[in-house]
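Peer 1: Listed below are the residues making up each chain.
8 protein chains.
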Amino acid sequence: MNNNMLKSILQGVQDGTLPIDQGLDKLRDLPFLDIGHTKIDLHRSLRNGFPEVIYGSGKTPEQVANIFAHMQEHGNVLATRITEKTAEHVCAQFPEVQYNATARTLTWVKNAISYGTTEIAIITAGTSDLPVAEEAKVTCEILGTRASILSDVGVAGIHRLFDRMEDIRKASVLIVIAGMEGALASVIGGLVDQPIIAVPTSVGYGANFSGLSALLGMLTSCASGVTVVNIDNGFGAACAACKIARLIEK
Amino acid sequence: MNNNMLKSILQGVQDGTLPIDQGLDKLRDLPFLDIGHTKIDLHRSLRNGFPEVIYGSGKTPEQVANIFAHMQEHGNVLATRITEKTAEHVCAQFPEVQYNATARTLTWVKNAISYGTTEIAIITAGTSDLPVAEEAKVTCEILGTRASILSDVGVAGIHRLFDRMEDIRKASVLIVIAGMEGALASVIGGLVDQPIIAVPTSVGYGANFSGLSALLGMLTSCASGVTVVNIDNGFGAACAACKIARLIEK
Amino acid sequence: MNNNMLKSILQGVQDGTLPIDQGLDKLRDLPFLDIGHTKIDLHRSLRNGFPEVIYGSGKTPEQVANIFAHMQEHGNVLATRITEKTAEHVCAQFPEVQYNATARTLTWVKNAISYGTTEIAIITAGTSDLPVAEEAKVTCEILGTRASILSDVGVAGIHRLFDRMEDIRKASVLIVIAGMEGALASVIGGLVDQPIIAVPTSVGYGANFSGLSALLGMLTSCASGVTVVNIDNGFGAACAACKIARLIEK
Amino acid sequence: MNNNMLKSILQGVQDGTLPIDQGLDKLRDLPFLDIGHTKIDLHRSLRNGFPEVIYGSGKTPEQVANIFAHMQEHGNVLATRITEKTAEHVCAQFPEVQYNATARTLTWVKNAISYGTTEIAIITAGTSDLPVAEEAKVTCEILGTRASILSDVGVAGIHRLFDRMEDIRKASVLIVIAGMEGALASVIGGLVDQPIIAVPTSVGYGANFSGLSALLGMLTSCASGVTVVNIDNGFGAACAACKIARLIEK
Amino acid sequence: MNNNMLKSILQGVQDGTLPIDQGLDKLRDLPFLDIGHTKIDLHRSLRNGFPEVIYGSGKTPEQVANIFAHMQEHGNVLATRITEKTAEHVCAQFPEVQYNATARTLTWVKNAISYGTTEIAIITAGTSDLPVAEEAKVTCEILGTRASILSDVGVAGIHRLFDRMEDIRKASVLIVIAGMEGALASVIGGLVDQPIIAVPTSVGYGANFSGLSALLGMLTSCASGVTVVNIDNGFGAACAACKIARLIEK
Amino acid sequence: MNNNMLKSILQGVQDGTLPIDQGLDKLRDLPFLDIGHTKIDLHRSLRNGFPEVIYGSGKTPEQVANIFAHMQEHGNVLATRITEKTAEHVCAQFPEVQYNATARTLTWVKNAISYGTTEIAIITAGTSDLPVAEEAKVTCEILGTRASILSDVGVAGIHRLFDRMEDIRKASVLIVIAGMEGALASVIGGLVDQPIIAVPTSVGYGANFSGLSALLGMLTSCASGVTVVNIDNGFGAACAACKIARLIEK
Amino acid sequence: MNNNMLKSILQGVQDGTLPIDQGLDKLRDLPFLDIGHTKIDLHRSLRNGFPEVIYGSGKTPEQVANIFAHMQEHGNVLATRITEKTAEHVCAQFPEVQYNATARTLTWVKNAISYGTTEIAIITAGTSDLPVAEEAKVTCEILGTRASILSDVGVAGIHRLFDRMEDIRKASVLIVIAGMEGALASVIGGLVDQPIIAVPTSVGYGANFSGLSALLGMLTSCASGVTVVNIDNGFGAACAACKIARLIEK
Amino acid sequence: MNNNMLKSILQGVQDGTLPIDQGLDKLRDLPFLDIGHTKIDLHRSLRNGFPEVIYGSGKTPEQVANIFAHMQEHGNVLATRITEKTAEHVCAQFPEVQYNATARTLTWVKNAISYGTTEIAIITAGTSDLPVAEEAKVTCEILGTRASILSDVGVAGIHRLFDRMEDIRKASVLIVIAGMEGALASVIGGLVDQPIIAVPTSVGYGANFSGLSALLGMLTSCASGVTVVNIDNGFGAACAACKIARLIEK
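Protein chains in written order, with the UniProt record's numbering: chain D, 1 to 250; chain L, 1 to 250; chain A, 1 to 250; chain C, 1 to 250; chain B, 1 to 250; chain S, 1 to 250; chain R, 1 to 250; chain U, 1 to 250.
Treat the hints as calculated values from the structure; they're not laboratory data.
You may find that some hints are simply not true.
[Claimed, not checked] Lysine to any residue pairs mimicking SDA-like chemistry, simulated, CA-CA at most 25 Å apart:
(1) A:LYS170 x C:ARG246
(2) L:LYS250 x D:GLU119
(3) L:LYS85 x C:LYS85
(4) S:LYS110 x S:ILE67
(5) U:LYS110 x U:GLU73
(6) R:LYS85 x R:GLN72
(7) C:LYS250 x A:ARG169
(8) B:LYS85 x A:SER57
(9) C:LYS250 x A:ILE248
(10) D:LYS170 x L:ARG169
(11) U:LYS110 x U:GLY144
Predicted model, so just to flag it, every value in this text is computed and none were measured.
Turn these sequences into a full structure, and let the hints guide you.
Peer 2: Shown next, in the form of structure tokens:
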């Protein structure tokens with residue numbers, strides 16, 4: 001609640017240029033000035049030019065299509081966790097909407113994305129981690145940051161990682177995605193200086209306990225400065241990475 | 001392993017300006033060129049001008065003092081998780097070493113720190129989270145980034161938080177520290193655009209399960225782009241924040 | 001076991017107005033005087049004018065229909081956790097039974113509900129929490145208390161919450177429903193004085209561990225006086241809220 | 001944020017009876033009007049005539065005494081989770097402060113408490129649950145509601161419970177405190193109509209896992225309408241009960 | 001390894017009545033003399049006149065039918081955890097085999113069961129616990145002990161339990177089956193003197209965590225002398241009860 | 001609540017041989033006729049000639065001594081979980097009370113114990129399990145059943161077990177006590193026909209998780225009919241075994 | 001990084017026999033000289049003549065077939081966790097590929113396997129553990145080590161185990177596979193001197209918690225020298241056993 | 001139970017060279033022929049020339065000394081988990097017993113150890129893992145296998161590991177010890193062909209949960225053929241490694 005904003009409202013009221021009822025409205029609106037439609041269930045509505053985001057999990061094809069219909073007058077749209085069935089339903093109605101089957105995302109790019117100068121490297125331990133990596137990539141791009149995937153460089157064959165170090169060192173921010181024991185985050189964390197956002201995945205079985213092993217492993221990483229997001233949360237990692245990108249570009 | 005570095009070494013050998021034995025040494029040293037003493041147990045030796053860091057947990061006062069003795073010819077030194085007893089022992093021997101009892105850190109600043117332009121805000125839910133916040137602050141500062149603590153702005157009295165929003169909005173990176181349910185990270189994550197590094201703390205009892213409630217809460221935060229470090233890990237959050245700061249300042 | 005009731009029975013026996021066998025029956029019945037049919041599996045038979053409640057989970061359509069058939073001579077009936085298939089089966093047989101597909105409830109209102117004066121506000125963090133909220137609403141209403149749902153006011157966009165504070169402040173009791181980290185209970189708990197019953201939901205994935213994150217978060221809430229029911233238990237929250245409502249109205 | 005309050009401030013500004021700077025202050029203060037000292041770590045500062053509450057865990061005797069010193073000009077004060085050592089330190093300085101060794105509370109009653117008409121019954125399964133019960137009782141009383149403890153009526157000798165049913169039925173709100181399997185909450189929940197706030201305790205060993213067995217048991221209680229607070233949280237249960245009491249008395 | 005058996009074998013060898021090779025066979029067979037077919041996967045082959053038991057989980061209809069075919073020359077047979085599909089397949093081939101759809105058991109009674117004098121009472125908290133109760137009943141009966149089910153006497157309506165106390169007191173051993181918080185075991189344990197075998201069930205949802213709440217509750221029961229078997233393990237409880245019955249009848 | 005008892009009371013009232021007030025008393029006392037002092041915190045007061053039992057955990061030496069003082073006019077007394085310090089305090093006051101330092105029990109045998117004919121074998125995997133075994137033995141004996149300990153026969157040297165099979169086969173009921181993986185219960189369960197009560201102990205470290213490994217192992221034992229009590233609960237196992245013994249002796 | 005290899009490369013560069021660019025290539029390749037195709041998602045590519053291994057879980061039939069197509073010019077191939085549907089798809093395209101439905105493996109043996117002299121015994125507690133045992137057997141064989149399965153020798157009928165001790169003693173390395181409480185590993189560990197690799201399986205229900213009980217049991221085994229792999233990981237156990245076999249044969 | 005041994009006993013009985021009573025003794029002793037003193041609580045008595053091993057945890061100094069006294073006529077002795085206080089007590093009585101304060105072991109070498117030809121490398125991630133490594137080393141040596149420790153080569157500075165690869169490749173068996181996320185096992189597992197026994201340690205805090213993170217990480221390692229022992233179990237890892245060594249040397 002900015003003092004100056006408050007002061008100017010009060011000034012307007014005292015001046016008589018702002019009737020009490022309008023002042024009342026302004027005061028009530030202050031903390032959420034730039035928000036439009038709270039009734040639509042958004043993944044997280046990212047303000048300031050970010051696209052609208054829909055979290056598709058638990059929604060029927062009809063519901064998702066309906067939300068897209070309401071978004072026709074908005075900017076770009078991203079929907080995550082979209083099943084093939086929902087995608088077909090939505091794309092039939094809105095042919096310009098694109099489905100990425102690996103990332104399980106729908107994107108509706110109405111305004112050309114103008115990319116910043118930063119580059120994000122999305123690194124996966126195995127090819128089974130690709131859906132999470134693709135979700136991160138699609139999210140980065142619609143948020144205006146270029147991202148590329150370096151896949152299958154897990155620590156069980158660490159030479160594969162070393163072979164890609166040059167590419168890794170060129171990126172500004174790293175998203176490291178791994179299931180099983182999640183050791184890749186620690187190894188990369190010991191080799192580079194960039195911010196690392198680690199994404200544990202549910203890839204594995206048994207003592208993996210649906211991603212718990214990678215999650216605990218990344219949180220207790222012996223490499224300092226690794227931060228972690230929820231299991232399989234490629235979208236969240238991309239949001240965090242893009243916030244850093246935006247900061248650099250300012 | 002940078003191609004150019006390899007090429008220049010080989011070139012030197014071919015030219016005869018670099019004898020084979022010296023080339024051999026250089027090649028073996030490449031990935032850990034600037035490391036001196038791997039036998040000393042460092043928290044995480046941060047290369048590139050970063051200070052040496054000692055993880056004090058489980059070390060005797062004598063061992064810590066001994067490590068400080070070996071570090072006399074190195075740059076600045078940070079030691080974390082230091083008990084009062086160890087601090088007394090070390091400070092008696094090295095009077096210029098400073099003990100911060102709240103942060104439980106020892107710092108030995110031999111070369112004046114030249115701060116960058118970035119500012120980090122360290123926000124705590126309650127005053128019981130202060131030791132973690134202080135550890136983060138001391139770490140940020142010795143890594144060359146200014147940081148200030150905004151304490152006791154937990155969500156149970158959310159007006160306290162709003163009162164500090166202006167300060168919070170001025171910082172480039174936020175470290176949000178909370179125990180119990182850790183809701184502060186979600187609330188701030190919904191209000192600002194900066195990168196947020198959340199630190200769950202073990203503050204609480206019962207269903208807190210030594211920090212598990214705050215940890216799970218922060219990982220499943222409904223605000224996108226919040227990243228998380230280990231429970232009570234102020235040091236790790238500061239490292240992550242400073243990596244971002246360094247990127248901005250480049 | 002009320003002394004007076006015992007005394008009056010004994011008095012009747014001594015007076016000869018109550019034959020021994022009838023006294024025996026009365027004594028055996030004392031603690032469960034107003035119960036009719038213990039063989040039917042009820043969710044929880046709420047005495048004193050409350051409707052009969054059937055817990056539908058794990059019952060076949062035929063079993064549920066059969067219970068409804070046995071309840072024809074009883075008062076109002078509520079059935080929870082009812083699948084669409086079961087609903088079709090029951091409603092085909094008893095056309096006056098209403099199915100609420102979101103709440104997954106069947107209601108059979110034979111006697112018009114006479115509402116009390118109290119109002120309950122049911123607040124959800126996201127639209128995915130709606131099934132739990134609807135179950136709570138249907139339960140409140142058949143228990144004779146008016147309830148309204150304020151949905152999608154989660155803390156990631158806290159302005160949405162503030163916009164509804166007036167409505168929230170008007171209710172006597174609040175039911176706060178949230179998945180993920182469940183922070184909404186803490187935030188509301190810090191803003192209002194009413195009793196708050198928090199319902200963690202299984203909405204989320206990964207470190208949500210089927211509702212564990214919200215459950216632990218709500219139990220360790222930094223706002224005092226928040227109480228918690230089982231994960232996804234909209235019915236239980238409504239029962240608790242209506243007990244309070246009834247107390248107020250007395 | 002009450003519309004009327006906002007309107008009256010704006011009216012005052014327009015009228016000229018309220019200078020802009022004072023209006024500004026009032027607006028900034030609105031959500032936390034009656035809060036004085038946010039820097040002191042309060043358990044949860046209960047507004048509206050409620051006493052100040054200090055959460056003593058993790059504070060030194062000096063810190064707690066210092067907070068009491070700052071509270072001299074405030075109303076009644078409650079401090080919870082106070083060790084004997086801290087109590088001695090504080091009472092030496094402030095002789096009118098009372099220590100309850102079982103409840104581990106300090107109370108400083110400067111203004112005579114005016115009790116409401118409601119009564120709360122605090123019921124424990126065993127005598128080992130007494131510290132939690134006493135914390136609840138002390139809290140209820142300083143919040144202005146009479147409470148009495150019915151101890152040692154656990155279900156392993158259910159006749160002890162039945163013997164006390166008359167007392168239990170007289171209270172408006174019940175706080176049920178039990179460790180081990182926590183079955184007392186279910187049994188009482190099946191016998192009475194009042195609101196029940198269940199407090200699991202860490203009493204037990206082995207598969208009790210520090211209160212987890214009672215916690216899960218109470219959350220999954222087969223009696224509807226039982227709500228639960230954190231393990232050993234007598235304070236929180238009392239706050240919830242007093243919120244209900246206040247509602248009744250309105 | 002019984003001394004007398006060893007002695008008689010050696011005596012036979014010394015006497016010459018037992019050739020060395022036959023003695024060798026006898027010695028090798030000693031610890032498993034009365035076992036026939038170790039290659040068939042039995043639930044637990046109960047020796048001494050007990051029927052053969054097949055654990056059906058994870059077996060195809062063909063495999064189960066095949067085992068029944070191999071058991072034609074054995075005594076009575078019990079198969080547990082049998083799906084309807086498997087039952088149809090087996091019963092088509094062996095018409096005298098009986099399927100109990102609630103218990104999910106197949107029984108093949110070739111020799112009339114001669115019941116002992118002991119009676120086992122199987123008590124359930126709710127009707128959803130019936131499949132476990134039926135599995136226990138079928139097992140008791142084929143093991144030669146009469147058992148009867150007293151269902152739906154859970155603690156949320158404790159009068160229903162008291163109404164059945166006479167029946168309960170008549171049984172020698174009690175099997176108490178309950179899901180949710182499993183409080184029934186504690187309550188009965190406090191009322192009677194018989195051995196109680198408690199079976200936690202997976203009935204419930206949320207914080208029930210697939211039976212964990214009832215399991216922990218029963219293990220930490222405040223009533224002494226309650227013993228517990230695995231979640232949903234009606235078969236195991238019946239085996240334990242019948243061992244006691246057999247002991248009594250000796 | 002026995003019909004005959006009720007009938008005879010009513011008959012007395014009708015006859016005039018029982019005044020109403022005395023009838024009232026009798027009726028109120030029915031379910032807890034033989035209980036004396038509910039205010040003393042008993043482990044579990046075992047009716048019918050069983051001794052009074054005190055659960056010492058969390059009680060001060062003074063409190064325990066005070067309870068003993070109140071028990072002077074009662075029969076035999078058992079106190080469990082008694083520290084050495086408490087024992088000294090109590091024994092100084094009541095010299096006839098015996099302390100068993102391994103079992104951590106106090107026993108006060110005023111009336112000579114008359115043992116039944118049954119024998120219980122208490123079998124431990126290792127010598128570290130002895131405290132639990134001794135607690136079980138002391139409990140069995142004061143409950144009137146002879147018990148002997150067979151220690152250190154764990155499965156890692158299974159010959160040690162076979163060497164004791166004759167002794168094991170002679171007992172009527174077996175209590176099997178093991179930490180680590182708790183395999184002893186399964187192995188014995190496969191060798192004998194007697195009832196087996198398994199006690200997991202907290203002996204072990206790491207993945208033992210304070211007894212969890214033995215607890216889960218015993219609950220999932222592949223030998224049917226093994227029942228389990230809480231971790232380290234020698235007292236509870238003895239109570240269960242003695243209930244069986246009593247049944248046999250009837 | 002072998003000194004001699006480095007030296008010979010440098011020597012070659014100095015001699016002029018190795019151009020700088022080729023030296024550069026050699027240096028970059030050093031740590032992963034013998035790897036061919038990092039882009040294919042391999043279970044774990046075992047170097048040195050071991051076959052290529054594909055982890056089939058989460059791959060479509062088309063993807064697996066495609067990987068087989070790329071492996072035509074490689075040596076023998078093993079694919080694990082293959083569904084029947086995938087197997088049909090692959091075998092239709094590559095008729096020489098063999099599907100083992102129990103082991104859920106595909107094997108493509110192009111070069112005859114030359115077996116070593118070592119023998120591995122794979123021992124299972126029950127027949128339900130067979131899929132894991134078969135996966136281990138198939139893996140051992142394609143890795144060039146003979147293995148045989150001894151099934152259904154669980155501890156609940158320990159005589160079955162003793163009957164097979166001779167066979168067990170003949171093997172060099174033992175793989176012990178058990179679900180439920182996993183006690184078989186401890187029992188065998190106490191009887192033999194060979195290395196034992198224990199595989200917990202998810203066979204069981206309830207307190208088995210998807211293999212957790214067997215996993216914890218094996219990790220805390222009272223028999224020293226038992227090592228453990230992931231739940232249901234027959235493949236991993238076989239790899240470990242074959243590493244030992246290879247060592248023996250050297 | 002070896003056929004030949006049985007046959008020779010029976011032959012002796014038939015021949016008359018072996019009286020029945022002596023034959024009886026021999027038969028009873030067969031499975032535990034070479035065991036002496038089962039009453040002493042041994043860690044795990046390793047037969048065949050292995051030393052006696054005492055597990056010191058939970059034993060008083062007197063008890064440990066007493067066991068040593070009973071072992072005077074045995075071979076070499078190893079005691080693990082020995083506190084300094086116990087060590088002093090034992091060494092005062094038996095001056096030739098050696099205490100290793102880091103390993104927390106006592107060793108009593110009466111017969112010179114004759115080492116085999118195999119070498120074991122014990123590799124630790126950090127210096128805090130040294131106590132576990134030392135326990136492993138002492139155990140290896142008294143079991144007759146040479147072992148050397150390579151410490152502080154954790155993955156956060158992976159160059160430190162590469163620097164030691166030559167030493168690592170020379171050993172026959174590797175013991176890899178790491179806390180925190182335990183990634184070292186995966187990385188080494190991907191670089192070498194030897195058998196790897198991984199030991200998770202409890203080094204770390206927060207989400208380490210006393211070693212759980214390293215344990216789960218090692219069990220789900222993406223490198224095939226890594227086997228795991230209990231948390232902090234250096235002794236067990238050494239036993240497993242020495243079993244392999246013994247096999248190689250045969």
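Peer 1: Which earlier hints can't be squared with this structure?
Peer 2: Violated hint: only 10; rest satisfied.
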